[in-house]
Amino acid sequence: LLADFEKRFLDTLDDLPIRKKDAISAAERRPLEAELNDAFSQLPEELLNGAYQAWLGFYNSQRKTTNLTPEALVALANSLATDTMQLPSPPALEAKIIGKMGLKGVKGLVKANDA
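Position 21 of the sequence shown, counting from 1, maps to 14 under my numbering, and the rest follow consecutively.
Think of the hints as simulated: they come from the structure by calculation, not from any bench.
Note that the Cβ used here is the ideal one computed from N, Cα and C, for glycine as well.
Careful: at least some of the hints might be erroneous.
Taking lysine-lysine pairs in the DSSO-like style, the calculated list, with each CA pair at most 30 Å apart, reads [unchecked claim]:
| # | residue 1 | residue 2 |
| --- | --- | --- |
| 1 | Lys57 | Lys93 |
| 2 | Lys57 | Lys13 |
| 3 | Lys0 | Lys13 |
FRET-style restraints, in silico, Cβ to Cβ [claimed, not checked]:
| # | residue 1 | residue 2 | range |
| --- | --- | --- | --- |
| 4 | Ala20 | Lys89 | 30 to 40 Å |
| 5 | Lys89 | Arg12 | 39 to 49 Å |
| 6 | Gly95 | Glu21 | 35 to 45 Å |
| 7 | Ala19 | Ser82 | 25 to 35 Å |
| 8 | Asp4 | Ala65 | 30 to 40 Å |
| 9 | Leu40 | Lys104 | 35 to 45 Å |
| 10 | Asn106 | Gln35 | 24 to 34 Å |
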């Protein structure tokens, strides 16, 4: 399963017999979303905060492959946090971490001292 921005990863796997499948319908997706929401609600917030930071760090390192701008990357990460992980807001990151990722000043990031 790949998001649209991840499709360029397939170029690195051209020697494998990977076939494209159409996305499932909204009706098929609803029960799966309910199960995912239930599963996420049972996870500790600390774990979800760490997953957010890891996701952001990984995809930040893949920005050339995905063609994501820093702003688009942060918007996707924040959507993951609030829409998928069901967090009330995107997790706060230490300024040092934001700086190491090269994302200082990117709109949408929450700094730990601002939270």
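Hint by hint, here is what the structure shows:
no. : hint                       : verdict
1   : Lys57 / Lys93              : holds, 17 Å
2   : Lys57 / Lys13              : holds, 23 Å
3   : Lys0 / Lys13               : holds, 10 Å
4   : Ala20 / Lys89: 30 to 40 Å  : violated, 46 Å
5   : Lys89 / Arg12: 39 to 49 Å  : holds, 44 Å
6   : Gly95 / Glu21: 35 to 45 Å  : holds, 39 Å
7   : Ala19 / Ser82: 25 to 35 Å  : holds, 27 Å
8   : Asp4 / Ala65: 30 to 40 Å   : violated, 20 Å
9   : Leu40 / Lys104: 35 to 45 Å : violated, 21 Å
10  : Asn106 / Gln35: 24 to 34 Å : holds, 30 Å
Violated hints for the displayed structure, listed by number in ascending order: 4, 8 and 9.
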